[in-house]
Amino acid sequence: MTQPGDTLVVEARALDAVFGALRERGHTLLGPTVRDGAIVLAEIGGASDLPAGWTDEQDGGRYRLRRRDDGALFGYAVGPHAWKRWLHPPAVVRWRARRDARGFVAEPDTAPPPRHAFVGVRPCELAAILVQDRVFLGGPFVDPAYRSRRESAFLLAVSCGSPAGTCFCPSMGTGPKAGPGFDLALTEVIDGGRHDLVVEVGTERGAEVAEAVPHRPAESADLYAARAVLAAAEGNMGRSLDTEGLKDLLYRRYEDPRWDEVAKRCLACANCTMVCPTCFCATVEDETDLQGTATERRRIWDSCFSQEFSYVHGGSVRTSGGARYRQWITHKLATWHEQFGVSGCVGCGRCITWCPVGIDITAEARAVRQGEAQGSRP
Amino acid sequence: MTIHTFEKILGEHPFFKDLSEPHLDTVVGCVTNVVFQPGEFIFREGEAADRFFVVREGKVAVEVFVPNKGPVTIETIEGGEVLGWSWLFPPYKARFDARALNAVRALSLDGACLRTKCENDPAIGYLLLKKFTELVVSRLEATRMQLLDLYGND
Amino acid sequence: MATTEPAPATVSASDPMRPEPFVVRQAIKETGDTFTLTLAPVAGAKFRPFAPGQFNMLYVFGVGEVPISISGDPARPEILVHTIRAVGATTRAMQKLQKGDWVGVRGPFGTAWPVDQAHGHDVILIAGGIGLAPIRPALYHVLLHRGLYGRVVVLYGARTPRDMLYPKELREWRSRFDVVVDVTVDRATMEWQGSVGVVTKMVQRSPFDPGSAMAFICGPEVMIRYAAQALQQRGTAESSVFVSMERNMKCAVGVCGHCQFGPWFVCKDGPVFRYDRIQRFFGMREV
Numbered sequence: 002m003t004q005p006g007d008t009l010v011v012e013a014r015a016l017d018a019v020f021g022a023l024r025e026r027g028h029t030l031l032g033p034t035v036r037d038g039a040i041v042l043a044e045i046g047g048a049s050d051l052p053a054g055w056t057d058e059q060d061g062g063r064y065r066l067r068r069r070d071d072g073a074l075f076g077y078a079v080g081p082h083a084w085k086r087w088l089h090p091p092a093v094v095r096w097r098a099r100r101d102a103r104g105f106v107a108e109p110d111t112a113p114p115p116r117h118a119f120v121g122v123r124p125c126e127l128a129a130i131l132v133q134d135r136v137f138l139g140g141p142f143v144d145p146a147y148r149s150r151r152e153s154a155f156l157l158a159v160s161c162g163s164p165a166g167t168c169f170c171p172s173m174g175t176g177p178k179a180g181p182g183f184d185l186a187l188t189e190v191i192d193g194g195r196h197d198l199v200v201e202v203g204t205e206r207g208a209e210v211a212e213a214v215p216h217r218p219a220e221s222a223d224l225y226a227a228r229a230v231l232a233a234a235e236g237n238m239g240r241s242l243d244t245e246g247l248k249d250l251l252y253r254r255y256e257d258p259r260w261d262e263v264a265k266r267c268l269a270c271a272n273c274t275m276v277c278p279t280c281f282c283a284t285v286e287d288e289t290d291l292q293g294t295a296t297e298r299r300r301i302w303d304s305c306f307s308q309e310f311s312y313v314h315g316g317s318v319r320t321s322g323g324a325r326y327r328q329w330i331t332h333k334l335a336t337w338h339e340q341f342g343v344s345g346c347v348g349c350g351r352c353i354t355w356c357p358v359g360i361d362i363t364a365e366a367r368a369v370r371q372g373e374a375q376g377s378r379p
Numbered sequence: 021m022t023i024h025t026f027e028k029i030l031g032e033h034p035f036f037k038d039l040s041e042p043h044l045d046t047v048v049g050c051v052t053n054v055v056f057q058p059g060e061f062i063f064r065e066g067e068a069a070d071r072f073f074v075v076r077e078g079k080v081a082v083e084v085f086v087p088n089k090g091p092v093t094i095e096t097i098e099g100g101e102v103l104g105w106s107w108l109f110p111p112y113k114a115r116f117d118a119r120a121l122n123a124v125r126a127l128s129l130d131g132a133c134l135r136t137k138c139e140n141d142p143a144i145g146y147l148l149l150k151k152f153t154e155l156v157v158s159r160l161e162a163t164r165m166q167l168l169d170l171y172g173n174d
Numbered sequence: 005m006a007t008t009e010p011a012p013a014t015v016s017a018s019d020p021m022r023p024e025p026f027v028v029r030q031a032i033k034e035t036g037d038t039f040t041l042t043l044a045p046v047a048g049a050k051f052r053p054f055a056p057g058q059f060n061m062l063y064v065f066g067v068g069e070v071p072i073s074i075s076g077d078p079a080r081p082e083i084l085v086h087t088i089r090a091v092g093a094t095t096r097a098m099q100k101l102q103k104g105d106w107v108g109v110r111g112p113f114g115t116a117w118p119v120d121q122a123h124g125h126d127v128i129l130i131a132g133g134i135g136l137a138p139i140r141p142a143l144y145h146v147l148l149h150r151g152l153y154g155r156v157v158v159l160y161g162a163r164t165p166r167d168m169l170y171p172k173e174l175r176e177w178r179s180r181f182d183v184v185v186d187v188t189v190d191r192a193t194m195e196w197q198g199s200v201g202v203v204t205k206m207v208q209r210s211p212f213d214p215g216s217a218m219a220f221i222c223g224p225e226v227m228i229r230y231a232a233q234a235l236q237q238r239g240t241a242e243s244s245v246f247v248s249m250e251r252n253m254k255c256a257v258g259v260c261g262h263c264q265f266g267p268w269f270v271c272k273d274g275p276v277f278r279y280d281r282i283q284r285f286f287g288m289r290e291v
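Protein chains in written order, with this note's numbering: chain B, 2 to 379; chain P, 21 to 174; chain S, 5 to 291.
These are computed hints drawn from the structure, not numbers from a lab. There may be inaccurate statements among the hints.
[Said to hold, decoys possible] Stretch-level coverage of chain B by chain S, calculated; a stretch enters the list once three of its residues show a Cβ under 8 Å from a Cβ in chain S: (1) 34–44; (2) 130–140; (3) 284–296; (4) 333–342.
For each residue, glycine too, the CB sits at the ideal point set by N, CA and C.
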């Protein structure tokens, strides 16, 4: 009987059996697929929807797909989508209310949560999910919408074999090997004649699915091959972030002139917050019908880059672009520690890739560190 | 009132308490006791500023008379505070009205007399100048805060 | 004049994201743009005990929701009192509410004035403008347990005499022998015979023992800064000074990110903060 902690080998062509087993257990498959020139996350039918033979080239403000010379199913890094789209959806109805002669009563949204299987969760993304668990499940208020989606989601992680130019997960301790929290974790091994998936079983739920598909126990050669893939990936990262004393450094540099420098380039477009897998800020909107009798309270993604984000009567607290960029980076790399006990950054590099002007969080942190070392006055 | 008592009163007053004995003596030489009734003017705008006051008890309104509006109180001075600085700065004329809001007991200091003493003894001149400048600075800071209209609707 | 309530509908009491229905029992105008609503639960909703300094999220159907400090007596939580200033769409809509209208309430949220920690100490309450509203519950509590505290001093600054909140109560408190009440305005009117000047000056001349006093300050941030400085000049430690902060709030439960002030969420780590803990960020611009 397959147990959590076991490592097995599943042939890549048997992946559809895994998907079948997941579907039989009531999960809708979400996974990577090529669409509009990017590898996005969407509902997938089977292994044929995966981006086989594709990889991504990423740099500051740059994303391109390129053909690989092999048929790797997961031979890319990450696309613009993060799994928070389904755990912490962009728009969620909290409650509905109707007005009658007396007044109104607000009724909660009782739609049952979807049951998803997240296929292809990168180690950085897995770490990001665990970070958001702290936000939504770890405080005095537990978000019931997040919890129900989180509990029902099957996490099929895939370790990274092809990091991209903006990746720096080793700096953040989140990859390229998947950390704890997955149901199943795959490492894709393409070697001479074989195309296998070395599968680590994380949970009972994962064991049950693995048991249902053709597999064999992993031998030392398989483990060695998987380790080699990860070691190669670790040496192939495009960026790095020095996290030594980073929190305290940023606390000291709130008035660093660098923030106004960045502000000259930053468009406050909020792309970074949308693609970041840990960003969770949301606003609350009430939408009422034209007769004014029915209303819906929605929680909608928001960004600290917007002018209204910090609005208190009379004006916003953070009006300048520099203050808003500073808010984002100090939250991500410093105050997040105070709030949730970990860094807010998992090193996925999306904010660098999808920034239209290529602002680089690793470069900004480096600049502030150098600025202090060179005695620039805050 | 004996001069000895004035020394004690002045010496214990927050404004003068760190003056040395000889300097305190100099100042005391210019002191008299005064009492104002509720509503009585202590000085009027434009008058020669020959005196300043150390308020011991009571409340004084520093006012400006605005045509069509009447007297507008811009600040109130209470026990422990000093009233009047125009005696030290040319043209030595009061800039505002000062009116007792209730029964006010104060020490009145002869500004003209003190000015002469300051000219003759730069040490005490410098000391008094420092003290009054501090007073003006703290009033200016308070005025700026009042101007900010912090409680107003933005 | 009692009104009989319709049979209560079942309302889940455990979802802090959903407002519960309350009815306006009384709506009174305080000053030009400030008014007080007295609310009571309806349709199966329950009143909730609160601690002085906490706030509720108040919701006007079809308009919006805003955080408002509770300004009533914590010993009488069944009478929910909110003093509100009309500054935006939702608060202006609230200004038009009348007796019998419904309001959505969720809460109470946030940290409270440390009235228990202050036992045995002099208590200085410093309020500016509408800041008196979140301070009043603390004063109610202190007066109810008067024997447990040392000197009690209330310092209140308002824009003009006409903008003073709760003038009748201020006079009542001032007439007590066991409370010192000092009120000042930035700008006087013709009839005003009281102090004119800034709240900080009142701190300088107020009768309390700086070494053992605990101060609660509520008002505009600039006023808080200067009042805290004035207290420090008199010898009161910053760790004995507590202030109430304000930031944009949407969820009020610490998951939407809007109310962040440095590392803190004002909705759950505040609004009441110990001044020495936040001093670092307090003086910083745009934080």
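Comparing the hints with the structure gives:
1. 34–44: violated (count 0)
2. 130–140: holds (count 3)
3. 284–296: holds (count 6)
4. 333–342: holds (count 4)
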